[in-house]
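**Q** Each residue of the sequence shown is one higher than the one before, counting from 1 in our numbering.
Hints were generated in silico from the structure; no laboratory data involved. Predicted, not measured: the structure shown is a model, and the values here were computed from it. Do not take every clue at face value.
Ranges of calculated distance between the beta carbons of each label pair, as one might list FRET restraints [unchecked claim]: (1) Gly264 x Phe66: 26 to 32 Å; (2) Asp6 x Thr73: 19 to 25 Å; (3) Arg284 x Glu119: 42 to 48 Å; (4) Asp159 x Asp109: 16 to 22 Å; (5) Ala45 x Gln177: 35 to 41 Å; (6) Leu120 x Arg296: 43 to 49 Å.
Here are the simulated lysine to any residue pairs, SDA-like style, with alpha carbons at most 20 Å apart [unchecked claim]: (7) Lys245 x Ala199; (8) Lys23 x Gln98; (9) Lys245 x Phe203; (10) Lys233 x Tyr135; (11) Lys233 x Lys23; (12) Lys23 x Ala13; (13) Lys233 x Met223; (14) Lys233 x Ala136; (15) Lys245 x Glu216; (16) Lys233 x Thr70; (17) Lys295 x Arg283; (18) Lys295 x Leu257; (19) Lys245 x Asn288; (20) Lys245 x Gly271; (21) Lys295 x Gly271; (22) Lys245 x Thr210; (23) Lys245 x Thr262; (24) Lys245 x Ala269; (25) Lys233 x Val49; (26) Lys233 x Arg196; (27) Lys295 x Gly265; (28) Lys295 x Arg280; (29) Lys245 x Gln275; (30) Lys233 x Ala261; (31) Lys23 x Thr70; (32) Lys233 x Ala213; (33) Lys23 x Met7; (34) Lys23 x Arg105; (35) Lys233 x Asp215; (36) Lys233 x Glu119; (37) Lys245 x Glu205; (38) Lys23 x Asp68; (39) Lys295 x Ala263; (40) Lys233 x Arg220.
We put the CB at the ideal spot given by N, CA and C, even for glycine.
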Amino acid sequence: MASTIDMGVAAAALVAELGGFAKQTGRNPTPLQALSVFHADRPAARIPVLYEPCVCFVGAGRKRVFLDRTEYTYDPLNYLVVGVPLPVEAEITEATAQEPFLSLRLAIDLAMLAELVAELGETPGDTHLTPRGIYASPLTADISTGVLRLMRALRTPVDQRVLAPMAERELLYHLLQGEQGHALRAIAARDGRAHRIGATLRFMEQHYATPLAVDELAERAFMSASTYHHNFKALTGMSPLQYLKMIRLHRARLLLLHEGATAGGAAHAVGYNSQSQFTREFRRRFGNSPIGERKRLRGAYPTNATG
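Could you put together the complete structure from these sequences and hints?
**A** Structure follows, in structure tokens:
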């Protein structure tokens, strides 16, 4: 039988745990490499960001993510799961200095997820159906308890070594048993289309600067080009070529912001042969020129808004 807890009390307890790690504005590391804590003391405007596979929980405040004209909201009563790398837009809608936005992000260990699915011994549903790679769901008592247990497992070095891996595994288990568990199962199922397309997404992330043909990607996923294209769009909300363009532009944006690259240098580094084409597509995506975007972000708050 599922456990029951007071969700308001649970949210307050999570805020107390998160506050111990929220030392600065933006993303803060924790002793668990896969886990980070995000802090913001005012709303943040909608900006394009790249989410890696992760699950996000909120102790206080509210955030919205947008993909393909669909909005996903997460707050103390709803959590967000991103099962594959996705370029999205995000905004923090509720945060003040007195009641800051506090969230945690846990990178999804796909190997651990696949092991759990195998141990559950359950058929992951129709592996020929491709779910959307992102969703928001109501927080359950079991998932909320799992989140708190994971945060409390970071209190001492011994707890981190012994309890944190077990708490992470327990939390993934409850997510698999949750409302959208079938989507995570589909991504973890090695013989499923979602898993195979996810593998090509990771390949694209690693080789975005080189020419990539849809036929080659489809072959990697063991699908025809038309089947690959259809299921790719179902998972990511965009075509393979649109996705590749988004990855390139997001990587270029990071080079401009964090490594001081010139517009021409960033264009070349992410695979563009034409700087003018790069500038046009960059402006269309981010609403600014490459150099203008760098200046805007360096003066904006926060710049690492991926919590």
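**Q** Does each hint hold? Answer for all of them.
**A** Structure-based check of all given hints:
1. Distance hint check: the CB atoms of Gly264 and Phe66 are about 30 Å apart, consistent with the given range 26 to 32 Å.
2. In this structure the hint that Asp6 and Thr73 lie 19 to 25 Å apart at CB holds, the actual value being about 22 Å.
3. The beta-carbon spacing between Arg284 and Glu119, approximately 46 Å, falls within the hinted interval of 42 to 48 Å.
4. Evaluation of the 16 to 22 Å hint for Asp159 and Asp109 yields a pass: the beta carbon distance comes to about 19 Å.
5. Distance hint check for Ala45 and Gln177: the Cβ-Cβ separation is about 36 Å, which falls inside the suggested range of 35 to 41 Å.
6. Checked against the given bound of 43 to 49 Å, the beta carbons of Leu120 and Arg296, roughly 47 Å apart, stay inside it.
7. A hinted pair counts as satisfied when its Cα atoms are at most 20 Å apart, and Lys245 with Ala199 qualifies at roughly 18 Å.
8. A hinted pair counts as satisfied when its Cα atoms are at most 20 Å apart, and Lys23 with Gln98 qualifies at roughly 15 Å.
9. In summary, the hint linking Lys245 to Phe203 is supported, as the alpha carbons are separated by about 14 Å, within the 20 Å threshold.
10. The straight-line distance between the Cα atoms of Lys233 and Tyr135 is roughly 15 Å, inside the 20 Å bound, and the hint therefore holds.
11. The hinted pair formed by Lys233 and Lys23 fails the criterion: a straight-line CA distance of about 39 Å is larger than 20 Å.
12. At most 20 Å may separate the alpha-carbon atoms for a hinted pair to count; Lys23 and Ala13 meet this at roughly 18 Å.
13. For the hint linking Lys233 to Met223, the alpha-carbon distance of about 14 Å falls within 20 Å, and the restraint holds.
14. The hinted pair formed by Lys233 and Ala136 meets the criterion: a straight-line CA distance of about 19 Å does not exceed 20 Å.
15. Using a Cα cut-off of 20 Å, the hinted pair Lys245 and Glu216 holds, with the two alpha carbons roughly 17 Å apart.
16. The suggested pairing of Lys233 with Thr70 holds, with an alpha-carbon distance near 14 Å, which does not exceed 20 Å.
17. At most 20 Å may separate the alpha-carbon atoms for a hinted pair to count; Lys295 and Arg283 meet this at roughly 14 Å.
18. A threshold of 20 Å between alpha carbons decides the hint, and for Lys295 with Leu257 the separation of about 8 Å falls inside it, so the pair holds.
19. Between Lys245 and Asn288 the alpha-carbon distance is near 16 Å, which keeps this suggested pair within the 20 Å criterion.
20. Restraint check for Lys245 and Gly271: satisfied, since their Cα atoms lie roughly 10 Å apart, inside the 20 Å limit.
21. Of the pairs offered as hints, the one joining Lys295 and Gly271 is violated, with about 23 Å between alpha carbons and a cut-off of 20 Å exceeded.
22. Of the supplied pair hints, the one linking Lys245 and Thr210 holds, its CA atoms being roughly 12 Å apart against a limit of 20 Å.
23. A distance of roughly 19 Å separates the Cα atoms of Lys245 and Thr262; the hinted pair therefore holds under the 20 Å criterion.
24. For the hint linking Lys245 to Ala269, the alpha-carbon distance of about 13 Å falls within 20 Å, and the restraint holds.
25. For the suggested pair Lys233 and Val49, the alpha carbons sit about 19 Å apart, so the restraint of at most 20 Å is met.
26. Annotation: proposed proximity of Lys233 to Arg196 holds, straight-line Cα distance about 14 Å (limit 20 Å).
27. About 17 Å separates the Cα atoms of Lys295 and Gly265, which keeps this hinted pair within 20 Å; it holds.
28. Note on Lys295 and Arg280: the hinted pairing holds, with a Cα-Cα distance of about 18 Å set against a maximum of 20 Å.
29. For the proposed pair Lys245 and Gln275, the alpha carbon gap of about 14 Å is at most 20 Å, so the pair holds.
30. For the suggested pair Lys233 and Ala261, the alpha carbons sit about 32 Å apart, so the restraint of at most 20 Å is broken.
31. Our distance criterion of 20 Å between C-alpha atoms is broken by Lys23 and Thr70, whose separation comes to about 33 Å.
32. Proposed proximity of Lys233 and Ala213 is supported: the alpha carbons are some 16 Å apart, at most 20 Å.
33. At roughly 25 Å between alpha-carbon atoms, Lys23 and Met7 are farther apart than 20 Å, so this suggested pair is violated.
34. The straight-line distance between the Cα atoms of Lys23 and Arg105 is roughly 16 Å, inside the 20 Å bound, and the hint therefore holds.
35. Taking the CA atoms of Lys233 and Asp215, the gap is near 15 Å; set against the 20 Å cutoff, the hint holds.
36. For the hint pairing Lys233 with Glu119, the CA-to-CA distance comes to about 30 Å; that exceeds 20 Å, so the pair is violated.
37. For the hint pairing Lys245 with Glu205, the CA-to-CA distance comes to about 11 Å; that is within 20 Å, so the pair holds.
38. Restraint check: the Cα-Cα separation between Lys23 and Asp68 comes to about 34 Å, which exceeds 20 Å; the hinted pair is violated.
39. At most 20 Å may separate the alpha-carbon atoms for a hinted pair to count; Lys295 and Ala263 meet this at roughly 13 Å.
40. With a C-alpha separation of about 17 Å, the suggested pairing of Lys233 with Arg220 holds against the 20 Å cut-off.
Taken one by one, the earlier hints fail for this structure at numbers 11, 21, 30, 31, 33, 36 and 38, listed in ascending order.
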